[in-house]
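Chains as they are written, first to last, in our numbering: chain A, 1 to 414; chain B, 415 to 521.
These are calculated hints, taken from the structure and not from any lab test. A couple of the hints might just be wrong.
[Unchecked claim] Okay, derived cross-link-like pairs now, BS3-like style, lysine-lysine, Cα gap no bigger than 30 Å in a straight line: (1) K163(A) to K502(B); (2) K514(B) to K163(A); (3) K161(A) to K514(B); (4) K80(A) to K159(A); (5) K483(B) to K161(A); (6) K70(A) to K163(A); (7) K483(B) to K514(B); (8) K161(A) to K80(A); (9) K80(A) to K163(A); (10) K509(B) to K161(A); (11) K509(B) to K163(A); (12) K70(A) to K159(A); (13) K502(B) to K514(B); (14) K161(A) to K70(A); (15) K159(A) to K502(B); (16) K70(A) to K509(B); (17) K483(B) to K502(B); (18) K502(B) to K70(A).
[Unchecked claim] One side of the interface only, derived from the structure: several residues of chain A facing chain B at Cβ under 7 Å: (19) A164; (20) R166; (21) I167; (22) P168; (23) G288.
The beta carbon of each residue, even a glycine, is placed where N, CA and C say it ideally should be.
Listed here are the chains, written in short residue letters.
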Amino acid sequence: MTVADVTDAITRAHHEEWARVVASLTRRFGDLDVAEEAAAEAFATAVERWPADGVPPNPGAWLTTTANRKAIDRIRRENKRGGKHKEAQLLHDDDPPEPLGAIDDERLRLIFTCCHPALAMETRVALTLRMVGGLTVAEIARAFLVQESAMGQRITRAKTKIKAARIPYRVPAAEDLPARVSGVLAVLYLVFNEGYLATGPDTDPVRHDLTTEAIRLTRLIRALLPADGEVAGLLALMLLTEARRAARVSASGELVPLGEQDRGAWDATLVAEGHRLVRERLAAVAAGGAAPGPYQILAAINAVHTSARDVRDTDWSQVVALYDQLVRLDPSPIVALNRAIAIAELDGPEVALASVDRLRDALGGYHAYHATRADLLRRLGRDQESRAAYDEAIELAGNTAEIAYLTRRRDQLA
Amino acid sequence: MQYLVSVISDHDGLATPDEDAAIDVFNDRLVAEGHWVFAGGLAAPSSATVIDNRGEEAMFTDGPFLESKEYLAGFWIIQAADLDVALKLAAAGSKACNRKVEVRPFL
Chain A
1 MTVADVTDAI TRAHHEEWAR VVASLTRRFG DLDVAEEAAA EAFATAVERW
51 PADGVPPNPG AWLTTTANRK AIDRIRRENK RGGKHKEAQL LHDDDPPEPL
101 GAIDDERLRL IFTCCHPALA METRVALTLR MVGGLTVAEI ARAFLVQESA
151 MGQRITRAKT KIKAARIPYR VPAAEDLPAR VSGVLAVLYL VFNEGYLATG
201 PDTDPVRHDL TTEAIRLTRL IRALLPADGE VAGLLALMLL TEARRAARVS
251 ASGELVPLGE QDRGAWDATL VAEGHRLVRE RLAAVAAGGA APGPYQILAA
301 INAVHTSARD VRDTDWSQVV ALYDQLVRLD PSPIVALNRA IAIAELDGPE
351 VALASVDRLR DALGGYHAYH ATRADLLRRL GRDQESRAAY DEAIELAGNT
401 AEIAYLTRRR DQLA
Chain B
415 MQYLVSVISD HDGLATPDED AAIDVFNDRL VAEGHWVFAG GLAAPSSATV
465 IDNRGEEAMF TDGPFLESKE YLAGFWIIQA ADLDVALKLA AAGSKACNRK
515 VEVRPFL
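Produce the entire structure from the sequences given, and follow the hints as far as they go.
Following this line, the structure appears as structure tokens:
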């Protein structure tokens with residue numbers, strides 16, 4: 001086995017086993033901190049030993065056993081120091097490995113604990129990426145443009161709260177499940193969106209690492225909750241969005257809007273998988289399943305867009321019908337803004353502008369509101385007003401590629 | 415595990431008769447389900463006296479130690495297996511007394 005093979009094996013084990021190891025240790029020792037540290041030590045030991053000893057036949061079992069030993073060592077050390085007698089907890093350290101189904105449930109417990117509603121949203125995101133995703137504190141800090149020490153503190157405070165307030169380590173009861181799953185999906189969608197339209201002057205416009213991680217974690221939830229329509233919807237939405245990534249930023253670093261993208265550059269495999277999921281959900285709803293939630297509707301909208309080989313073939317009446325359905329579930333001004341963009345294609349920019357102008361109070365501080373107005377005004381030949389709207393959009397936008405696009409559009413005005 | 419459920423009020427005035435009745439129903443439920451430890455309502459913050467006896471002589475100051483728009487109007491101490499149980503009870507308590515509540519675990 002070459003060095004590259006071993007490195008691959010370690011990377012793969014990290015992707016496949018990290019959450020499993022942290023979850024089973026948390027279950028066993030009742031302590032996220034112990035679990036996290038022991039898992040990290042076990043992977044560090046693998047990096048040290050596997051190149052010389054070879055990759056073990058069952059990397060997951062090797063990592064779990066090693067992490068268990070590290071955790072027990074730590075607890076023994078602390079007990080000695082503190083003079084406490086917690087040895088009883090360690091009596092069963094030769095337990096046979098748990099059956100696969102049970103361990104899968106453990107990962108679900110871990111996810112629900114990290115995304116608990118008693119934790120702040122930014123804390124849930126950080127904790128999920130660390131405990132479930134296995135990203136290092138430094139990686140998470142970089143992703144959200146904060147100091148590593150501040151991110152470390154955020155995660156430590158969260159672990160302390162989970163322990164002190166006794167946030168339970170379990171899958172919520174059936175009656176609470178839909179609300180709690182939607183909380184988990186909100187965390188994953190936030191990670192994805194930060195990757196897809198990264199903010200900040202010094203980051204890449206599209207953060208492939210974050211979108212990939214969000215998709216990977218959503219696939220995991222999908223595997224654990226295969227019957228949940230919204231999980232399937234979010235996965236489809238992410239896949240159909242990610243599929244367009246290569247076409248989304250031009251060679252000169254400008255954001256390319258959907259209508260101007262080179263559709264041949266879209267990832268056909270991701271589009272096909274996204275379409276398959278959307279069809280599966282349509283069939284489930286048609287067969288009398290639960291009505292689709294917002295993620296399924298957003299996925300369906302993206303399925304309509306990605307079905308058109310040319311932007312002129314887009315079925316805009318279908319898109320507007322789906323937005324109407326979405327507005328009924330989520331009457332937020334952002335949904336109304338996106339609906340207006342589709343209305344512009346169906347009923348013309350004048351009708352759309354009237355809808356957009358009604359959103360000024362709610363969205364006056366949001367760059368996409370001004371960018372949408374600027375585009376509609378440009379299409380109506382009202383160049384002076386368009387220029388002013390582009391100025392406001394540029395002022396408020398945080399994504400470098402989007403700023404480049406808006407600036408060129410503005411400068412093309414007469 | 416015990417939790418303090420603090421009732422945070424942002425307007426003057428005691429509980430209305432309707433609120434009192436709802437609180438009684440909620441308290442009965444806490445007792446029946448084994449969550450009850452203690453509860454009480456507090457008089458207005460203006461009735462507070464602050465005592466500092468860290469120095470040579472005890473100092474007495476009229477009024478609450480923090481002037482704020484929101485104040486502690488009362489509290490429950492509940493017994494609950496974990497935070498999920500405590501949060502559900504606190505949500506029912508907030509509905510009953512018609513005020514915001516804060517949940518905090520005891521050490």
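The hints, checked one at a time:
Of the supplied pair hints, the one linking K163(A) and K502(B) holds, its CA atoms being roughly 18 Å apart against a limit of 30 Å. The straight-line distance between the Cα atoms of K514(B) and K163(A) is roughly 24 Å, inside the 30 Å bound, and the hint therefore holds. A distance of roughly 21 Å separates the Cα atoms of K161(A) and K514(B); the hinted pair therefore holds under the 30 Å criterion. Distance check on the hinted pair: K80(A) and K159(A) sit about 23 Å apart at the alpha-carbon level, within 30 Å; holds.
Our distance criterion of 30 Å between C-alpha atoms is met by K483(B) and K161(A), whose separation comes to about 27 Å. Taking the CA atoms of K70(A) and K163(A), the gap is about 21 Å. The hint holds against a cut of 30 Å. Our distance criterion of 30 Å between C-alpha atoms is met by K483(B) and K514(B), whose separation comes to about 13 Å. Between K161(A) and K80(A) the CA atoms are separated by roughly 25 Å; this keeps the pair inside 30 Å, and the hint holds.
Pair hint K80(A) plus K163(A) holds up; C-alpha atoms about 22 Å apart against a cutoff of 30 Å. Proposed proximity of K509(B) and K161(A) is supported: the alpha carbons are some 25 Å apart, at most 30 Å. Pair hint K509(B) plus K163(A) holds up; C-alpha atoms about 27 Å apart against a cutoff of 30 Å. At most 30 Å may separate the alpha-carbon atoms for a hinted pair to count; K70(A) and K159(A) meet this at roughly 19 Å.
Between the alpha carbons of K502(B) and K514(B) the distance comes to roughly 14 Å, so the proposed pair stays at or under 30 Å and holds. With a C-alpha separation of about 24 Å, the suggested pair K161(A) and K70(A) falls inside the 30 Å cut-off, and the hint holds. Proximity of K159(A) to K502(B) is assessed by CA-CA distance (about 21 Å); at most 30 Å being required, the pair is judged to hold. Proposed proximity of K70(A) and K509(B) is contradicted: the alpha carbons are some 47 Å apart, above 30 Å.
A distance of roughly 26 Å separates the Cα atoms of K483(B) and K502(B); the hinted pair therefore holds under the 30 Å criterion. Taking the CA atoms of K502(B) and K70(A), the gap is near 37 Å; set against the 30 Å cutoff, the hint is violated. Because the smallest distance between the Cβ of A164(A) and any Cβ of chain B comes to about 5 Å, under 7 Å, the interface hint for this residue holds. With a least beta-carbon distance of about 5 Å to chain B, the hint placing R166(A) at the interface is held under the 7 Å criterion.
The criterion of a C-beta within 7 Å of any C-beta in chain B is met by I167(A), whose closest approach is roughly 5 Å, and the hint holds. The interface hint given for P168(A) is met, as the beta carbon of that residue sits about 4 Å from the closest beta carbon of chain B, less than 7 Å. A distance limit of 7 Å between C-beta atoms decides the matter here; for G288(A) the minimum to chain B is near 31 Å, and the interface restraint is violated.
In this structure, the earlier hints numbered 16, 18, 23 are contradicted, and the remaining ones agree with it.
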